[in-house]
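Protein chains: 2
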Amino acid sequence: MEKVKKEVLVLEDILGSNKKIAGAIRKKLLESGILAVNLLSSPGSGKTTLLEKLSLKLKDRYQLGVIEGDIETERDAERIRSLGLPAWQITTHGACHLEAKMLARIFDWIPADLDFLFIENVGNLVCPASFDLGESLRFVLLSVPEGDDKPKKYPEAFITSQVFVITKCDLLPYLPFDTDRVTAEALEINPKLEVFRTSALTGEGIEAICTFLEKKLQELRAKNA
Amino acid sequence: MEKVKKEVLVLEDILGSNKKIAGAIRKKLLESGILAVNLLSSPGSGKTTLLEKLSLKLKDRYQLGVIEGDIETERDAERIRSLGLPAWQITTHGACHLEAKMLARIFDWIPADLDFLFIENVGNLVCPASFDLGESLRFVLLSVPEGDDKPKKYPEAFITSQVFVITKCDLLPYLPFDTDRVTAEALEINPKLEVFRTSALTGEGIEAICTFLEKKLQELRAKNA
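Sequence order for the protein chains is A and B.
Going by this note's numbering, the first sequence opens with residue 38, and the numbers climb by one from there.
Going by this note's numbering, the second sequence opens with residue 38, and the numbers climb by one from there.
Note that these hints are calculated values from the structure, not bench results.
There could be a bad hint or two in this list.
You can't tell identical chains apart in this list, so a pair holds if it fits in one copy or across any two.
[Claimed, not checked] Capping the alpha-carbon separation at 16 Å, the derived lysine to aspartate or glutamate pairs in EDC-like fashion look like this:
| id | residue 1 | residue 2 |
| --- | --- | --- |
| 1 | Lys190 | Glu111 |
| 2 | Lys252 | Glu111 |
| 3 | Lys190 | Glu115 |
| 4 | Lys190 | Glu109 |
| 5 | Lys189 | Glu109 |
| 6 | Lys260 | Glu241 |
| 7 | Lys64 | Asp169 |
| 8 | Lys65 | Asp152 |
| 9 | Lys189 | Glu115 |
| 10 | Lys190 | Glu225 |
| 11 | Lys96 | Asp152 |
| 12 | Lys189 | Glu111 |
| 13 | Lys57 | Asp169 |
Kindly generate the complete structure, drawing on both the sequences and the hints.
Structure (structure tokens):
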């Protein structure tokens with residue numbers, strides 16, 4: 038019993054300290070007029086690919102930056118850099134999620150004139166949901182091959198996000214995945230979710246997300262003015 | 038500094054205690070001649086579907102039991118029960134992995150005359166890898182839609198497993214996934230891995246895994262004799 042209590046206390050301590058650092062990061066980002074987006078999903082749901090597609094549409098009109106969270110390797114950061122965009126790698130060496138303190142350590146490297154800062158979290162549909170990074174928007178991605186039964190099985194990521202992106206919709210003809218069912222289930226958990234159906238292959242939904250992001254950036258800047 | 042030290046100490050305490058309980062579970066299972074298999078993967082890689090296919094091949098000749106680990110819902114346990122097999126649900130309510138103490142709590146429910154005990158872990162390619170459950174074999178699954186770059190990005194699950202199952206191989210014609218590349222990368226991390234290519238749709242690889250499991254069961258029983 039004593040041990041359980043100790044574990045709970047330490048967890049609260051970690052989360053409490055995370056919340057404080059995230060709050061400071063959020064304040065700085067908002068003051069700089071930067072819209073930060075934290076992308077959450079399982080490995081292989083298409084976070085990096087979605088970022089590539091959004092970046093190609095946005096990079097001529099906006100200043101973009103990407104933070105790549107990975108347990109090991111710089112593979113994703115290299116993919117982003119090959120588009121000519123700045124990408125900062127956080128390698129967690131085993132840790133299953135990003136924490137605000139990891140961002141704080143590299144925060145000075147991030148130019149204050151960015152418009153959008155994308156943060157690709159570690160591939161994990163569970164743990165990253167508990168850690169605020171100071172973002173303005175949280176995206177949860179679910180790919181068609183993962184199955185349409187996931188929102189209720191992994192609710193926390195859906196509860197804490199503002200945007201739900203269904204990815205790899207070009208695979209719908211080959212797989213038993215009901216987009217209406219998954220949308221209804223996600224909205225039952227979190228009725229405020231904005232839902233987008235996307236395919237990086239056909240380009241479906243990419244323009245709609247860009248329009249949404251531009252609107253959110255305008256709203257953020259209007260508040261600052 | 039003090040806080041970091043405390044966190045590390047508590048984590049070691051949790052893992053140390055987990056190892057002890059897992060050791061006791063392993064001893065009991067081996068004495069009963071039960072081969073326990075712990076299945077690890079991201080959500081939606083096909084753990085439940087693989088279990089369904091293996092069970093259908095094995096259930097007429099062997100006594101099977103399944104422990105289902107999920108954050109929320111009993112959906113997977115219901116799928117297994119609908120095959121006429123006993124399934125015990127562990128709902129972790131937020132926790133991102135199974136721990137040996139969770140199994141210990143339901144251990145008395147598990148019949149001693151089982152041949153195979155399958156343990157489907159929480160869908161998460163990261164955290165479950167750190168927790169021994171007392172299993173004889175650990176399977177890591179990776180589905181074709183997740184991408185062939187995952188072993189080095191999520192090495193722990195591959196290092197601690199004996200078997201690597203590539204699932205959803207029927208999707209290979211539609212997706213850029215190189216089975217040779219992923220196999221080579223996984224073997225570079227862990228040269229002892231047994232690798233199986235499978236498709237629940239076409240049945241590819243299911244028979245081969247059953248043969249492998251039967252051989253492992255015979256070896257376990259031979260040691261007991």
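Going down the list of hints, with the structure as the test:
1. In this assembly of identical chains, the alpha carbons of Lys190 and Glu111 lie at most 16 Å apart only when taken from different copies (9 Å versus 30 Å within one copy).
2. Within a single copy, Lys252 and Glu111 get their C-alpha atoms no closer than 32 Å, and across copies no closer than 40 Å, so neither meets the 16 Å cut-off.
3. In this assembly of identical chains, Lys190 and Glu115 lie within 16 Å of each other by CA distance solely across copies; the values are 13 Å between and 33 Å within a copy.
4. Only between protomers do Lys190 and Glu109 lie at most 16 Å apart by alpha-carbon distance; the minimum there is 5 Å, versus 27 Å within a single protomer.
5. For a Cα distance limit of 16 Å, the shortest separation of Lys189 from Glu109 across copies, 7 Å, qualifies, whereas the shortest one inside one copy, 29 Å, does not.
6. For the homomeric pair Lys260 and Glu241, neither the shortest alpha-carbon distance inside one copy (31 Å) nor that between copies (57 Å) is at most 16 Å.
7. Only within a single protomer do Lys64 and Asp169 lie at most 16 Å apart by alpha-carbon distance; the minimum there is 13 Å, versus 42 Å between protomers.
8. For the identical chains of this complex, Lys65 and Asp152 are intra-copy neighbours only, at 13 Å inside a copy versus 59 Å across copies, given an alpha-carbon limit of 16 Å.
9. Proximity of Lys189 and Glu115 under a CA criterion of 16 Å is satisfied inter-copy only: 15 Å between copies versus 34 Å inside one chain copy.
10. Proximity of Lys190 to Glu225 under the C-alpha cut-off of 16 Å is restricted to the intra-copy arrangement: shortest distance 13 Å within a copy versus 33 Å between copies.
11. Taking the shortest alpha-carbon separations for Lys96 and Asp152, only the intra-copy value of 10 Å comes in at or below 16 Å, while the best inter-copy value is 58 Å.
12. In this assembly of identical chains, Lys189 and Glu111 lie within 16 Å of each other by CA distance solely across copies; the values are 10 Å between and 32 Å within a copy.
13. In the homo-oligomer, the alpha carbons of Lys57 and Asp169 lie at most 16 Å apart inside one protomer (10 Å), although the nearest pairing across protomers, at 34 Å, exceeds that limit.
The structure fails to meet hints 2 and 6 from the earlier list, while all remaining hints are met.
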